[in-house]
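Participant: All chains should be built: construct the whole structure from the sequences, respecting the hints.
Quick note on our numbering: the sequence shown kicks off at 1280 and runs consecutively.
Worth flagging that the hints you see were computed from the coordinates, not collected in a lab.
Pairs of lysine to aspartate or glutamate, EDC-like flavour, derived with a Cα cap of 20 Å: (1) LYS2217 / GLU2248; (2) LYS1376 / GLU1347; (3) LYS2051 / GLU2069; (4) LYS2246 / GLU2236; (5) LYS1338 / ASP1447; (6) LYS1590 / ASP1706; (7) LYS1427 / GLU1347; (8) LYS2243 / ASP2207; (9) LYS1338 / GLU1393; (10) LYS1286 / GLU1499; (11) LYS1338 / GLU1436; (12) LYS2128 / GLU1853; (13) LYS2072 / ASP2092; (14) LYS2143 / GLU2044; (15) LYS1893 / GLU1853; (16) LYS1590 / GLU1663; (17) LYS2117 / GLU1766; (18) LYS1674 / ASP1602; (19) LYS1976 / GLU1988; (20) LYS2072 / ASP2042; (21) LYS1450 / GLU1322; (22) LYS1996 / GLU1979; (23) LYS1877 / GLU1915; (24) LYS2193 / GLU1826; (25) LYS1990 / GLU1916; (26) LYS1993 / GLU1920; (27) LYS1703 / GLU1594; (28) LYS1590 / GLU1615; (29) LYS1450 / GLU1336; (30) LYS1329 / ASP1447; (31) LYS1414 / GLU1359; (32) LYS1329 / GLU1375; (33) LYS1993 / GLU1915; (34) LYS1703 / GLU1597; (35) LYS2072 / GLU2095; (36) LYS2051 / ASP2080; (37) LYS2105 / GLU1617.
All values derive from a computational prediction rather than experimental measurement.
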Amino acid sequence: MKLSNLKIGTQLKIGFGIIILLIIFLGIISWQQTDKIALQANEIYEHPFKVRQALGELKTDIMAMRLEFRNFLLAQTDQERQAAILNSDVHQADAEKQFQILSERYLGPPSDIENAQVAFNRWVQVRLGNRETGKAGNIPEALARLEKTGDIGTEREQLLNYVRIIDDFAKSKANDLLFRATKLKNILNRQLEFLVIGILGLSILIIYFLNRNIRRPVVELARVTNLFREGKLDIRSKYKSSNEFGQLSTSFNHMAKTIEAEMTLNNQAAKLAGVMLSEDDAHKFSHALLSSLLEHTHSQMGAVYFLNEDKTVFEHFECVGMDQGGCKPFSAIHFEGEFGTALSTQKIQHITSIPEDSRFSFHTVSGKFIPREILTIPIVSGNETVAVLSLMSIKNFSKNSIRLIHSIWGMLNARMDGILTYRKLKDFSLQLSRQNTELETQRQELHILNKELTHRSEIVSAANSELEAQKRELSAQASELTEQNVELEMQKKQLDESNRLKTSFLSNMSHELRTPLNSVIALSGVLNRRLSGKVPEEEYSYLDVIERNGKQLLSLINDILDLSRIEAGREEVEINRFNVRELINEVVEMIDPQAKQKNIVLRYTSGTDLTPIKSDYVKCRHILQNIVVNAVKFTEEGSVEIIAEEVGHSIRITVSDTGIGIDQEHIHQIFDEFRQADGSSSRKYGGTGLGLAIAKKYTELLGGSIEVESKHGKGSKFILSLPLQYIAIQENIENYVDQLKTTKSVNNGEIKTTGKTILLVEDNEAIVVQMKDILLQEGYHIMVAHNGNEALKQIEQQIPDAMILDLMMPEVDGFEVLKRIRNEEKTDHLPVIILTAKYVTKQELAFLKNNGIHQLIQKGDINKDQLLSTVARMMFPDSVPVNTPIVNPAKLPVTGTPLVLVVEDNPDNMITIKALLDGKCQIIEAEDGQAGVEQAIKHQPHLILMDIALPGMNGIEALNEIRKEEKLEMVPIIAVSASAMKGDREDFIALGFDGYISKPIDNVLFEKTIEEFLN
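Facilitator: Dropping the structure here:
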């Protein structure tokens, strides 16, 4: 990064910051130098000076002690002698103090101090002896000893000698320290000079750099500003940087560019205004305007369209650069195509990404070009679009071109309105002239017309008589239709009652059969575990026979229920994506033990990698399992081979066996319920004949097919085809009918129906009149087709917004029309309402549902409000289904042995459940709902197993009573029922149960469920 690109504030901060840091650095250096000088001075003071001072005091003390001793010898009185001794002792003490200072401060050899100390002590001792001599009165001897030749004098001179040695060293040391201080001063002065010069030079460089970085852009901006002020609008600043001056330069350039663009825009607008004001004739005006607009916007094509007198179509008026094929009229009612948005919003539209099939093309000698962008300019007069002006370019429109169009739009609207008004006045004037000429001719023709009117009135009278007869015929047809509808309604009620009774019978049969099976299977499993190794092997094997046959009986009941659900249309499809290879492997692993038991080979061969299939995994497994089990069952030797391959948009699974085969006359029977090829009482192979029937129905439910190839004695080949992509149907047919017939009120006041087109396909004129009368009042535009062929032709010309379709029509019926429009991509999502008087079979209703009809209405049930509500919901959907989140049941923390309340009125079932829970839980029993509620309140168990069919208070009522108790709100309650119809589990969960266990009880599933709720 260049320093000049930094912001000015940052540059100033850095520059002045460096200078301040240099000043601080200079201060630190000066402080350090001053500190060094202070240390040098302190060293001189603490050592040579203090030592010399102490030596001076020591010499003074020695001289004073010598003088006081003389005074002692010369004293006349004892008082004078005592005073002399006292003064001598004071000086002696001070001398010892000075020796202490010398020993601390002296920098020379310590022996010098020690020698002087020893000499001082000897001198003091000798003086003490001489003092005694003086006290004895021997004054001359004492004085003689004081002389240089005396012993005291000798000791004194030796002491002074040692003192001189110390003094000489101190002088020498002082001189040395002085020299060093002088040298340090000179060094520090030179360093300070260099630092000051360096800091000053660096500061000058920083100031120069800052001055240059600030002054240069200011000069450049001032120069450019002056030139721009003088009229050079294309002048731009060349200074580029990331700092404030760079931003200012960029802003100036943008401002200059904007001003230049505005000036150019104003000049272009002025030129266009001159062009618009120069012509009054519509053709000359349009041609001149288009030519000028093409020049200023750099377009290659332009066109003007005027609204026709009927206000239904915009007709081509003038074009430049376009071929005549592109100058087609377009609808003013249906806002479609390139101009649709401009017409609906009455605003200028800029369209990009033009499709290849656009009506516009630019022809040159080198070929045809499709425009890249289109500018559509609506000409608005009041609240109505009266003209459309379109500009097309094979390049992108510039922003200035788009701004130019927006700037002249208001003036263009006003001028174009004036041109159109002038044109209308001119046409009106010519029309008046022609009408004046024609009036005379018409007057002459009136006489002839009067004669013709007399003749026509006679014809109208005859026509009225014929219409009256048709009216009576329509009334008779309406009465007949009403009777048919009443009869159909009665048949429907009888069918609903039959289905209800059938469902009730199956539910009761399921309960009555599965209840004893519950005890047989569950208790045989319990005995199987408990008696292992405790009874003879042969007797122990009886339990396996009991359990196996119980499960076979349960499988038979389940097959019957599956078949009943399919026939009742209540079988649900759960769609998921899975791998076919894994599905086949699972089936092979399941059935392989049976094949090995019969010493036949079960093989699976897969082709290339198979595309994952989107279908119902469980039902696909059920289908394949039934087919393979059937093949193994009827094969005594040889093999059963499974081959899977992808064919088109389907997966084809072929199951071939080397079994007994099927006679051709019996092949069509094998998929019938309770039928086998050999149905005699002496047949070799057992079974109910439901497996292949269920497989066939499941296959059809999933949109697939099963084919059979077989020869008696040579084996069979079952070919299963399933679509890769299953179109999910979430509700069964009966529920779908209920859904179609359920109406929901729609607030038509909030819906804008104007401009919406409905195609009514109906061959009965009375129904056409009735439907048009209802729908036209709401503002819908109605197109009528009297048969299927006519409907398909009208759809080819114009696709309506919705369609109301009759089913029974001559030639092409409604089923065929629906099939054809769903096979066309442009109409595959067209909303359709079916209007019919025929009885719709289950297969026909399934076809209608698969082809996505919105609703089915019986002709005799037409109600105006319901019809309008249905049409509005079809064309303006206003609701979205919301998925209800699944809430996991609460679980109570269990400490110690769990306490489980079992509410069951059947003693066998009670014994079964107790046997399954034995050793794992503490069990409380209740025989009916009331007792169950009382026991729950009394014992507050960790879990409640609730039967549904109970005497007195049933299980659901008991559940509601228990939930009323606050202390039992969190206790999980599991429904235990022999009801096994599809959806029972969801029904019980919806009623408030936390879980569901079906009878007969599966030991593993039962234990898993109990463990889940008891943590």
